[in-house]
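Residue numbers (my numbering), protein chains in the order written: chain A, 1 to 114; chain B, 115 to 225.
Just so you know, these hints were derived from the structure itself, not from any lab. Glycine included, each C-beta is placed from N, C-alpha and C at the ideal position. Check before you lean on any hint, since a few could be wrong.
Covered stretches of chain B, as calculated for chain A (at least 3 residues, CB under 8 angstroms) [said to hold, decoys possible]:
| no. | stretch |
| --- | --- |
| 1 | 142–153 |
| 2 | 203–213 |
Example chain B residues on the side facing chain A (calculated, C-beta under 8 angstroms, incomplete) [stated by the list, open to error]:
| no. | residue |
| --- | --- |
| 3 | 160 |
| 4 | 216 |
| 5 | 217 |
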Amino acid sequence: EAGVAQSPRYKIIEKRQSVAFWCNPISGHATLYWYQQILGQGPKLLIQFQNNGVVDDSQLPKDRFSAERLKGVDSTLKIQPAKLEDSAVYLCASSPIDRAYGYTFGSGTRLTVV
Amino acid sequence: KQEVTQIPAALSVPEGENLVLNCSFTDSAIYNLQWFRQDPGKGLTSLLLIQSSQREQTSGRLNASLDKSSGRSTLYIAASQPGDSATYLCAVLGSARQLTFGSGTQLTVLP
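Chain A on its own, in the form it takes in the complex (with noise of 0.2 angstroms):
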């Protein structure tokens, strides 16, 4: 079964700028989530959507971040402004509704705000 897909791999922007990730699950998966990764640390949750649905955007700094799920498969996540604290690795992952059968993390995409 194909992974999850993120694009793109690499962004390098300058701070105040605005950037925007894209992540397809594997099919068939219901929850979709948004990590944020800074060097040397566990990754954390931003936003978990279910379906089309927000369950948990509670991490999400609403004023900077947002977070789309079309449809129920494709999702982006928006930057804007951004900030030099918001260098980090992106992680999308997916997992079935019932999350016992585990999470599925993409490759990321490695954010550098100069």
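For this one, chain A is given, so just place chain B on it according to the hints.
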């Protein structure tokens, strides 16, 4: 709030050694625990998934154990190889239905 701790933060061993990575979590009400591998600049690759009702899982040279009552898991790597060099992350799926990660153990296997 669930907290996951991994010890040690970094480990360097000569090739061929058997080694153990440790993971502890504060809330024992979990659904499962998953071990991941992360190569530099890459995403996470799932290694082993242990359900809360299980005690261990094995895949090749890897064996993961789970003691839910004490809030601990170990990942055992037999006969380590330079290709095993990576960061190993453990994550628990807790009662809030969220996956909580530790900060990882960075493993270097020296040829």
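Original post:
Is the interface hint for residue 216 of chain B satisfied, with its Cβ closer than 8 angstroms to some Cβ of chain A?
Top reply: holds (5 angstroms)
Subject >> Annotated coverage of the stretch 142–153 of chain B by chain A, confirmed only when three residues or more have a Cβ within 8 angstroms >> reply: holds (count 4)
Original post:
For the hint on residue 217 of chain B, does the least C-beta distance to chain A fall short of 8 angstroms?
Top reply: holds (5 angstroms)
**OP:** Verify the coverage statement for the stretch 203–213 of chain B against chain A, using a C-beta to C-beta distance below 8 angstroms and requiring 3 or more qualifying residues.
**Re:** Since 6 is at least three, the answer is holds.
Original post:
If you take the shortest Cβ to Cβ gap from residue 160 of chain B to chain A, is it below 8 angstroms?
Top reply: With a minimum Cβ separation of about 6 angstroms from chain A (threshold 8 angstroms), the hint on residue 160 of chain B holds.
Going down the numbered hints, you'll see the structure goes against none, and every one checks out.
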